[in-house]
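S.K.: Chain by chain, the residues run as shown.
Number of protein chains: 4
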Amino acid sequence: MKIIIGVMGPGETARPEDNELAYELGTAIARQGWVVLTGGRKFGVMEAAMKGADDNKGLTIGILPGATGEEVSRHAQIRIYTDMGSARNNINVLTSHVLVVIGMAAGTLSEVALAIKANQKIILMNQSEETAQYIKKLGSYRVITSDTVEDTIHVIRDYITVHSIA
Amino acid sequence: MKIIIGVMGPGETARPEDNELAYELGTAIARQGWVVLTGGRKFGVMEAAMKGADDNKGLTIGILPGATGEEVSRHAQIRIYTDMGSARNNINVLTSHVLVVIGMAAGTLSEVALAIKANQKIILMNQSEETAQYIKKLGSYRVITSDTVEDTIHVIRDYITVHSIA
Amino acid sequence: MKIIIGVMGPGETARPEDNELAYELGTAIARQGWVVLTGGRKFGVMEAAMKGADDNKGLTIGILPGATGEEVSRHAQIRIYTDMGSARNNINVLTSHVLVVIGMAAGTLSEVALAIKANQKIILMNQSEETAQYIKKLGSYRVITSDTVEDTIHVIRDYITVHSIA
Amino acid sequence: MKIIIGVMGPGETARPEDNELAYELGTAIARQGWVVLTGGRKFGVMEAAMKGADDNKGLTIGILPGATGEEVSRHAQIRIYTDMGSARNNINVLTSHVLVVIGMAAGTLSEVALAIKANQKIILMNQSEETAQYIKKLGSYRVITSDTVEDTIHVIRDYITVHSIA
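Protein chains in written order, with the numbering used here: chain A, 113 to 278; chain B, 113 to 278; chain C, 113 to 278; chain D, 113 to 278.
None of these hints come from the bench; they were simulated from the model. Some hints could be false.
[Unchecked claim] Taking lysine-lysine and the DSSO-like style, the derived pairs with C-alpha atoms no more than 27 angstroms apart in a straight line are:
#1 A:LYS248 / B:LYS248
#2 D:LYS114 / D:LYS233
#3 D:LYS248 / C:LYS249
#4 A:LYS114 / D:LYS154
#5 D:LYS169 / A:LYS169
#6 D:LYS154 / D:LYS114
#7 C:LYS114 / B:LYS114
#8 D:LYS114 / A:LYS169
#9 A:LYS233 / B:LYS249
#10 C:LYS169 / B:LYS114
#11 D:LYS233 / D:LYS249
#12 C:LYS114 / B:LYS154
#13 C:LYS169 / B:LYS169
#14 D:LYS169 / D:LYS233
#15 D:LYS233 / C:LYS249
#16 D:LYS114 / A:LYS154
#17 D:LYS249 / C:LYS248
#18 C:LYS233 / C:LYS169
#19 D:LYS114 / A:LYS114
#20 A:LYS249 / B:LYS249
#21 C:LYS233 / D:LYS249
#22 B:LYS154 / B:LYS233
#23 B:LYS233 / A:LYS249
#24 D:LYS233 / D:LYS154
#25 C:LYS249 / D:LYS249
#26 C:LYS248 / D:LYS248
#27 B:LYS249 / A:LYS248
#28 B:LYS114 / C:LYS154
#29 A:LYS233 / A:LYS248
#30 A:LYS249 / B:LYS248
#31 D:LYS169 / A:LYS114
#32 B:LYS169 / C:LYS114
#33 B:LYS114 / B:LYS169
[Stated by the list, open to error] Pair by pair, the computed Cβ-Cβ distance ranges are:
#34 D:ARG186 / A:GLU241: 38 to 46 angstroms
#35 D:GLU183 / C:GLU129: 42 to 50 angstroms
#36 A:GLU124 / B:HIS266: 32 to 40 angstroms
#37 A:GLU182 / D:PRO128: 39 to 47 angstroms
#38 D:ASN168 / B:SER252: 49 to 57 angstroms
#39 B:GLU262 / C:ASN231: 43 to 51 angstroms
#40 D:ARG186 / A:ARG127: 37 to 45 angstroms
On a predicted model such as this, the values are computed, not experimentally measured, just so you know. Where is the CB? At the ideal position from N, CA and C, for every residue including glycine.
Construct the complete structure from the given sequences, taking the supplied hints into account.
M.R.: Quick look at the structure:
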């Protein structure tokens, strides 16, 4: 069984610093031998995280909202076509062993909320103080913040060890 | 075509004041001749809003997460069995002409986020200052707050008139 | 709780005799006080069954594949927007108390197969000998054929009585 | 991008000859460097095809109906948790570049029908004369039958070459 790390964040509206961090994180996940999962589109955090993994011999999965190749990232090696629009966000959440959230947008927030509902582990990066506080209050013990890719990788490694994943 | 008003909010964790308001709102929606749509379960805001409408000769729709009658509200007159868990939240959002959100929980927040993503109109009731501010910032012009059922009905009526719904 | 009868069949490729029968069946379902459920599009069996009900003061539900009003039948009074394409066929199947299938096409066959899988009651009308035999073999006791609307209504009434639906 | 071959067929009700063929096919797909996709459960054709690939250093994807590890095949290396029951069949169909169908059951037939609807290539193996004829008539040019794993691999290779997949 493969360890799957979901990397969630804005698409077209991602900030440069979100994309840079997502690329760095994708790289680090690939180096651990884990799989990067995203929403699969060729924009923002999705694109950058998959490119980071793809450039470093990692495996990538894109859970796509549509039924066709339009707007799909070329770094999505495994393309899961759901044709269910934003309802696919719940598949992203349930399939990831741990979720890392970089930056924020409406779709991203829906994933965070669905992940809390599904009792998943969530690591927040590049968030405003306000967002971090709001989500930590709602998600309680499931949510932590991390400032560096190194810390994020440590948290994931501890989590999958403690929960005997893989 | 029927006008469908989604009433979203916590299930088992709803506060008494959320349930009271949901009942009052369900009553008012029914009296307008509109349909109440909820997540269909027999708890909290869903149950109360549908009971309010059902007690007042209104029509109610429950968009259910499961495939069977378990935990379904007896006030859900039309029972849409999705068997898709929380992914059904996106159907709630897309099917409602306007969404009213009473109280907050993880599932509810996912609906708010999906509604912003889908460009739907959202009316917030019984929210903390912090929640209202956070969601209004994310959702911009799509989100307003309302303090009374009367105001909520006015906002809905204006919205469906301006957008030529029905 | 409303009794919901699913009427399934081809859209654009329906034959005139399928549409005529669907209209007649929609009329008869409405006169029983039951609700007609279809895939909601403005073509073929879906359109005709809902028009039959709508013309006779019956209630109609369209479970739509898309997220917008495009190609929606004007006889779909309650419009459930799923935005999940053909995956919405499973919702049609699970939500209907009994399914009536008029004519055949690929999407229709998927609904028949999903209904057998979900252990639902299926009444076949206007089918070739070959289709009727093939589906009855696969679906066993769940599948029957009917030659007239009158017989179909009798079968439905017996089924919902025996199973204490409503 | 990875080439994904869907292998569909009965679970608990699969015949020994279906499982044997599925194992052999999973082996052959893996040796081509392609990925095996199934419904992910630990029964029948799904289990056997994934075991064949897994035993031969191939990659396997299970598109699961549930949200938890229950009844998941241990040969499903990548586990996509949909929590959408049989509606996930449409994801199987859309995600596979080519579908191979071994044996028949209600769920399998729904996948064949959805694949015809989605205009996908379908290769039938181990089918009765009656089933093969019925599906070929409905699916026309999209459907062919194959008697050997070798022929099936040839057909897939030609198809992905002609359609410039990968």
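S.K.: Hint by hint, say whether it matches the structure.
M.R.: Now for the hints, and whether the structure bears them out:
Restraint check for A:LYS248 and B:LYS248: the C-alpha separation of about 19 angstroms stays at or below 27 angstroms, so the hint holds. Using a Cα cut-off of 27 angstroms, the hinted pair D:LYS114 and D:LYS233 holds, with the two alpha carbons roughly 17 angstroms apart. Taken as a hint, the D:LYS248 and C:LYS249 pair is honoured in the structure, with Cα atoms around 18 angstroms apart against an allowance of 27 angstroms. At most 27 angstroms may separate the alpha-carbon atoms for a hinted pair to count; A:LYS114 and D:LYS154 meet this at roughly 17 angstroms.
Restraint check for D:LYS169 and A:LYS169: the C-alpha separation of about 17 angstroms stays at or below 27 angstroms, so the hint holds. Note on D:LYS154 and D:LYS114: the hinted pairing holds, with a Cα-Cα distance of about 24 angstroms set against a maximum of 27 angstroms. Only pairs whose Cα atoms come within 27 angstroms are accepted, and C:LYS114 paired with B:LYS114 is accepted, the gap being roughly 16 angstroms. Restraint check for D:LYS114 and A:LYS169: satisfied, since their Cα atoms lie roughly 14 angstroms apart, inside the 27 angstroms limit.
Between A:LYS233 and B:LYS249 the alpha-carbon distance is near 26 angstroms, which keeps this suggested pair within the 27 angstroms criterion. Distance restraint check for C:LYS169 and B:LYS114: the Cα-Cα separation of roughly 14 angstroms lies within the 27 angstroms cut-off, and the hinted pair is therefore satisfied. A distance of roughly 14 angstroms separates the Cα atoms of D:LYS233 and D:LYS249; the hinted pair therefore holds under the 27 angstroms criterion. Taking the CA atoms of C:LYS114 and B:LYS154, the gap is near 17 angstroms; set against the 27 angstroms cutoff, the hint holds.
Distance restraint check for C:LYS169 and B:LYS169: the Cα-Cα separation of roughly 17 angstroms lies within the 27 angstroms cut-off, and the hinted pair is therefore satisfied. At roughly 26 angstroms between alpha-carbon atoms, D:LYS169 and D:LYS233 fall within 27 angstroms of each other, so this suggested pair holds. For the suggested pair D:LYS233 and C:LYS249, the alpha carbons sit about 26 angstroms apart, so the restraint of at most 27 angstroms is met. For the proposed pair D:LYS114 and A:LYS154, the alpha carbon gap of about 17 angstroms is at most 27 angstroms, so the pair holds.
Between D:LYS249 and C:LYS248 the alpha-carbon distance is near 18 angstroms, which keeps this suggested pair within the 27 angstroms criterion. With a C-alpha separation of about 26 angstroms, the suggested pair C:LYS233 and C:LYS169 falls inside the 27 angstroms cut-off, and the hint holds. Annotation: proposed proximity of D:LYS114 to A:LYS114 holds, straight-line Cα distance about 16 angstroms (limit 27 angstroms). Between A:LYS249 and B:LYS249 the alpha-carbon distance is near 18 angstroms, which keeps this suggested pair within the 27 angstroms criterion.
Taking the CA atoms of C:LYS233 and D:LYS249, the gap is near 26 angstroms; set against the 27 angstroms cutoff, the hint holds. Annotation: proposed proximity of B:LYS154 to B:LYS233 holds, straight-line Cα distance about 25 angstroms (limit 27 angstroms). Between B:LYS233 and A:LYS249 the CA atoms are separated by roughly 26 angstroms; this keeps the pair inside 27 angstroms, and the hint holds. Of the supplied pair hints, the one linking D:LYS233 and D:LYS154 holds, its CA atoms being roughly 25 angstroms apart against a limit of 27 angstroms.
Annotation: proposed proximity of C:LYS249 to D:LYS249 holds, straight-line Cα distance about 18 angstroms (limit 27 angstroms). Note on C:LYS248 and D:LYS248: the hinted pairing holds, with a Cα-Cα distance of about 19 angstroms set against a maximum of 27 angstroms. Pair hint B:LYS249 plus A:LYS248 holds up; C-alpha atoms about 18 angstroms apart against a cutoff of 27 angstroms. For the hint linking B:LYS114 to C:LYS154, the alpha-carbon distance of about 17 angstroms falls within 27 angstroms, and the restraint holds.
Between A:LYS233 and A:LYS248 the alpha-carbon distance is near 12 angstroms, which keeps this suggested pair within the 27 angstroms criterion. With a CA separation close to 18 angstroms, the supplied pair A:LYS249 and B:LYS248 stays within the 27 angstroms bound. The suggested pairing of D:LYS169 with A:LYS114 holds, with an alpha-carbon distance near 14 angstroms, which does not exceed 27 angstroms. Taking the CA atoms of B:LYS169 and C:LYS114, the gap is near 14 angstroms; set against the 27 angstroms cutoff, the hint holds.
For the suggested pair B:LYS114 and B:LYS169, the alpha carbons sit about 15 angstroms apart, so the restraint of at most 27 angstroms is met. Between D:ARG186 and A:GLU241 the CB atoms are about 44 angstroms apart, so this pair conforms to the stated range of 38 to 46 angstroms. D:GLU183 and C:GLU129 have their C-beta atoms about 44 angstroms apart, which keeps the hinted 42 to 50 angstroms range intact. Distance hint check: the CB atoms of A:GLU124 and B:HIS266 are about 35 angstroms apart, consistent with the given range 32 to 40 angstroms.
A C-beta distance of roughly 43 angstroms is found between A:GLU182 and D:PRO128, which places it inside the suggested range of 39 to 47 angstroms. Remark: the range hint 49 to 57 angstroms for D:ASN168 to B:SER252 is upheld by a beta-carbon distance near 54 angstroms. A hinted range of 43 to 51 angstroms for the beta carbons of B:GLU262 and C:ASN231 is consistent with their spacing of about 47 angstroms. Between D:ARG186 and A:ARG127 the beta carbon distance is about 41 angstroms. The supplied range of 37 to 45 angstroms therefore holds.
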